[in-house]
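> Here is what each chain is made of, one letter per residue.
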Amino acid sequence: MNKKNWPLWEVFIRSKQGLSHKHVGSLHATDEEMAIENARDVYTRRSEGVSIWVVESKNITASNPEENGELFEPAQDKIYRHPTFYELPNELKHI
Amino acid sequence: MRKKEKLFHYILGIGDNSLILGHRLSEWCGHGPALEIDMALSNIALDLLGQTRSYFQYAATLGIAQFETEDDVAYLRDARNFKNVLLVEQPNDDFAHTIVRQFLFDAYHYLFLEKLRESKDKTLRAIAEKSIKEVAYHFRFSSQWVIRLGDGTEESHQRMQTALDNLWRYRHEAMEMTDLEKEMAEKGIGVNLEELKQAYNQKIGEVLVEATLNVVNLDTWTQKGGKEGKHSEHLGFILAELQWMQRTYPNMQW
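Same order as they appear, the protein sequences are chains A and B.
All residue numbers in the first sequence are consecutive under our numbering, ending with 95.
All residue numbers in the second sequence are consecutive under our numbering, ending with 254.
Just so you know, the hints here were simulated from the structure itself, not pulled from any lab data.
From a predicted model like this one, the values you see are computed outputs, not experimental measurements.
Any given hint could turn out to be false.
What follows is a set of in silico ranges between Cβ atoms, one per label pair, in the way DEER data are often shown [unchecked claim]:
id: 1; chain 1: A; residue 1: E48; chain 2: B; residue 2: E233; range: 58 to 66 Å
id: 2; chain 1: A; residue 1: N68; chain 2: B; residue 2: M245; range: 35 to 43 Å
id: 3; chain 1: B; residue 1: K130; chain 2: A; residue 2: N59; range: 32 to 40 Å
id: 4; chain 1: A; residue 1: E48; chain 2: B; residue 2: D94; range: 40 to 48 Å
id: 5; chain 1: B; residue 1: V215; chain 2: A; residue 2: V50; range: 38 to 46 Å
Computed far set for chain A versus chain B, every beta-carbon distance over 10 Å [stated by the list, open to error]:
id: 6; residue: H23
id: 7; residue: L27
id: 8; residue: A29
id: 9; residue: E33
id: 10; residue: M34
id: 11; residue: E37
id: 12; residue: E48
id: 13; residue: G49
id: 14; residue: W53
id: 15; residue: V55
id: 16; residue: N64
id: 17; residue: L71
id: 18; residue: A75
id: 19; residue: Q76
id: 20; residue: D77
id: 21; residue: Y86
Below, in silico cross-link-like pairs of lysine-lysine (DSS-like), each with a Cα-Cα straight-line distance of 27 Å or less [stated by the list, open to error]:
id: 22; chain 1: A; residue 1: K22; chain 2: B; residue 2: K133
id: 23; chain 1: B; residue 1: K133; chain 2: A; residue 2: K16
id: 24; chain 1: B; residue 1: K130; chain 2: A; residue 2: K16
id: 25; chain 1: B; residue 1: K6; chain 2: B; residue 2: K130
id: 26; chain 1: B; residue 1: K133; chain 2: B; residue 2: K187
C-beta atoms are modelled at their ideal positions from N, C-alpha and C, and glycine is treated no differently.
The following block holds chain A by itself, in its conformation from the complex (with noise of 0.2 Å):
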């Protein structure tokens, strides 16, 4: 561990039940239950959430933003996989 800075972690909330885990933001801890509690400390004191998750950053795999344009753009011509062609009914949420 290095002895300066605390390793970094991010924080995923759960809103409410039902709901997906959501990136809130990053905190620095020493373990586990540490960050655990340094983000209920952080991001639910105004009731933010029901469910924390925490993971170390550095073992999050990121995509390369240089490589955008491979990986992201052959998406934007086919919008025939939207499923735009559908009525949905009023009642139907979080869609």
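Since the structure of chain A is already known, use the hints to place chain B on it.
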């Protein structure tokens, strides 16, 4: 003493602990060793202040002369009339002292609220019910830091041991009952504090063992006085800061 006055003083005995410890913790605001810890300590301070308000609002409804609002109760008493235990007024010193002080108080606070939930007084019962969840978290926070630092590096261990040596004599004062507390316990309103001691020793003992901290050679003597208004010199400075505004500009609102 009339019945209501007794209840009034009994409530102050509870609320003052939360007020003074909350104030002590608030001194860390902006000075915490890390942003996350700064917020954690401030959150705990705010929990304690919230509890204090509940107790003092209740005390202010009892019709005691001069004390008509929660602010009167907090701002218009001198040190001799504060009933908090000596432990909570001890200075922050370093992070180790702050954590050990918190830990020694949280363990008591939790056991106390657990019993206060069975009080015949329904307002006290309700306050205890609401506060105990907060305090369960305080204990979790402080005990994990005791373990982390006690069983940490050589320096952190040494600092924690020093803090424990310095604060050990204050740990039991909360459970040494005054005549008023005995009377309130007999009536079923207050908590029989003597009964908490065994559970308390066990609760802190388990954590201290895991933290590799040594209490065998510590003096078992208990320093008392806070509950009778005999405080250390520290309380005067806390009150000077806490009460300055109301004392200088009486009835000021902002």
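> Each hint should be assessed against the structure and marked as holding or not.
Status of each hint after checking the structure:
1. A:E48 / B:E233: 58 to 66 Å: Between E48 of chain A and E233 of chain B, where Cβ atoms are some 42 Å apart, the hint is violated.
2. A:N68 / B:M245: 35 to 43 Å: violated, 57 Å
3. B:K130 / A:N59: 32 to 40 Å: holds, 38 Å
4. A:E48 / B:D94: 40 to 48 Å: violated, 32 Å
5. B:V215 / A:V50: 38 to 46 Å: holds, 39 Å
6. H23: Holds: least Cβ distance 17 Å, greater than 10 Å.
7. L27: violated, 5 Å
8. A29: violated, 7 Å
9. E33: Since the minimum Cβ distance to chain B is about 6 Å, E33 of chain A lies within 10 Å and the statement is violated.
10. M34: Answer for M34 of chain A: violated, closest chain B Cβ roughly 7 Å.
11. E37: violated, 6 Å
12. E48: Since the minimum Cβ distance to chain B is about 14 Å, E48 of chain A lies beyond 10 Å and the statement holds.
13. G49: Its Cβ never comes within 10 Å of chain B, the nearest being 15 Å, so this holds.
14. W53: holds, 17 Å
15. V55: holds, 16 Å
16. N64: holds, 30 Å
17. L71: At about 34 Å from chain B, L71 of chain A clears the 10 Å cut-off, so the statement holds.
18. A75: holds, 39 Å
19. Q76: Q76 of chain A is indeed farther than 10 Å from all Cβ atoms of chain B, at 40 Å.
20. D77: Nearest chain B Cβ is 45 Å from D77 of chain A, so the label holds.
21. Y86: Y86 of chain A is indeed farther than 10 Å from all Cβ atoms of chain B, at 46 Å.
22. A:K22 / B:K133: At roughly 26 Å apart (the allowed maximum being 27 Å), K133 of chain B and K22 of chain A satisfy the hint.
23. B:K133 / A:K16: holds, 20 Å
24. B:K130 / A:K16: Roughly 22 Å separates the two Cα atoms, so the pair holds.
25. B:K6 / B:K130: holds, 24 Å
26. B:K133 / B:K187: OK: K133 of chain B and K187 of chain B at ~26 Å, within 27 Å.
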